[in-house]
Amino acid sequence: MTTQDIEQLFRTHYTTMYRLALTILYDDDESKDAVSEVFVHLLEKEYKEAPPLSYLLAAVRNQCLNMIEHHQVHERIIRLLSEEACLPTPTDIEHRLMDELLDYNRRHLTPLTRQIFKMRYLDEMKVMDIASQLGISRQSVHAHLRQAIEGIRKYYDKK
Amino acid sequence: MKTDEQRIEQLMEMQEHPERFTEEQIRQALALDPELKAMMEQLAFAKRALKYEETQVANTSVDKEWEKFAAAHTKQPRILPFKRLSKIAAIFIGVIFFAGATIAALRHTKVNSEQQTENNTHASDLKHQTSSPTETDTILSEPVVFDNVTLEKIVQNIATANHVGMELRNAKARQLRLHFVWKQEDSLLRVVEKLNNFEAVNIVVEDDKIIVK
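Top to bottom, those sequences are chains Z and H.
Under the working numbering, think of the first position of the first sequence as 10, with each following residue one higher.
Under the working numbering, think of the first position of the second sequence as -12, with each following residue one higher.
What the hints contain is simulated information worked out from the structure, not anything from laboratory work.
Here the structure is a predicted model, which means the values were calculated and not measured.
Watch out, some of these pointers could steer you wrong.
Claimed, not checked - With the C-beta cut set under 10 Å, the calculated list includes, among others, these residues of chain Z facing chain H:
id, residue
1, Glu84
2, Arg88
3, Cys95
4, His104
5, Val136
6, Ser141
7, Tyr165
What the hints assert, rightly or not - Reference listing, derived: stretches of chain H covered by chain Z, where coverage requires no fewer than 3 residues with Cβ under 8 Å from a Cβ of chain Z:
id, region
8, 2 to 13
9, 28 to 36
No residue lacks a Cβ here, since even glycine has one placed at the ideal position from N, Cα and C.
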């Protein structure tokens, strides 16, 4: 493959690859690094033909898992970086499962519980900061988080 | 034997106060209790799902990323792509237009101020004329790429940005997944026209509402 072929591949699939990395690493710079590594590999290996998107996505996933491995256990549990939650499932199936879980949460959790769950885990805010931003007690934030986790457990129990 | 409630408390404690645990203690806790580990993985998948939902409307500039990548990893000479050149040309035209408009406005002001004693009503006209170039100047936003996103979510985003409502009359169409590039500077009607180019998509705009038929 020539550099022009790599560029074509980059321009066509970068966004999809970057988004997959973001859903595993949650970090913008790390996700860009992961995708970049995959293209560096393509340049170095001098492939004859352009690999399909499925190959590129599998490569991104593996690269992300390698990066998770280098994080301390502390960080992995705080930021919910999990190798096991990133099994090599085709992205369309994975997206369907994600949609199902999101839909279940919308139906079974209150908007405030979902908001607090997002603030705690997606925005990685501390309980104390969430409480002060929403003007509620820490205990209340704690109770909402417990409900959210219970809700997610129930979803998996029913499956 | 721990209950789920105790596991939830344990997990939340480890996440909120990691300084109270050593690396080894966390590793052990997860290794000794598969249910706790499963809970952590389920939460991780839930976070991934939330991130996935969020990234569906995320903007990334592929041009910019390619330029960075090419500069760092390829030896090809850096040629400004046509798109970039046309953007630069557009900026120059914009600057020339703005400068021209300002000079015209200043000249107009001078003429007007001379005439002001004769007719004060010109002042309001002048204000209108000098401000019009900046009012009509628009800033082009980056296109939003929806990749494998349901029609429902795409329409929802477009409706919100255009301050109109939405109505989904077709249950099948709402689950349709599309790859669609939304140029935010396009008018609502133009966006709808582009969406209607997809097979099995029939959208109209009626009464300040996007209707998926």
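Going through the hints against the structure:
Hint status for Glu84 of chain Z relative to chain H: holds, with the closest Cβ pair at about 8 Å, below 10 Å. This hint holds: Arg88 of chain Z has a C-beta 8 Å from the nearest C-beta of chain H, less than the 10 Å allowed. Checking Cys95 of chain Z against chain H: minimum C-beta separation of about 7 Å stays under 10 Å; hint holds. Because the closest C-beta pair between His104 of chain Z and chain H is about 7 Å apart, less than 10 Å, the hint holds.
Among the interface hints, the one on Val136 of chain Z holds; its C-beta lies about 6 Å from the nearest C-beta in chain H, closer than the 10 Å criterion. Interface hint at Ser141 of chain Z: violated, since its Cβ lies 15 Å from the closest Cβ of chain H, which is beyond the 10 Å cut-off. Because the smallest distance between the Cβ of Tyr165 of chain Z and any Cβ of chain H comes to about 5 Å, under 10 Å, the interface hint for this residue holds. Coverage of the region 2 to 13 of chain H by chain Z holds [criterion: at least 3 residues with CB-CB distance below 8 Å; count 6].
Coverage of the region 28 to 36 of chain H by chain Z holds. Counting CB-CB distances below 8 Å, 9 residues qualify, and the rule asks for three or more.
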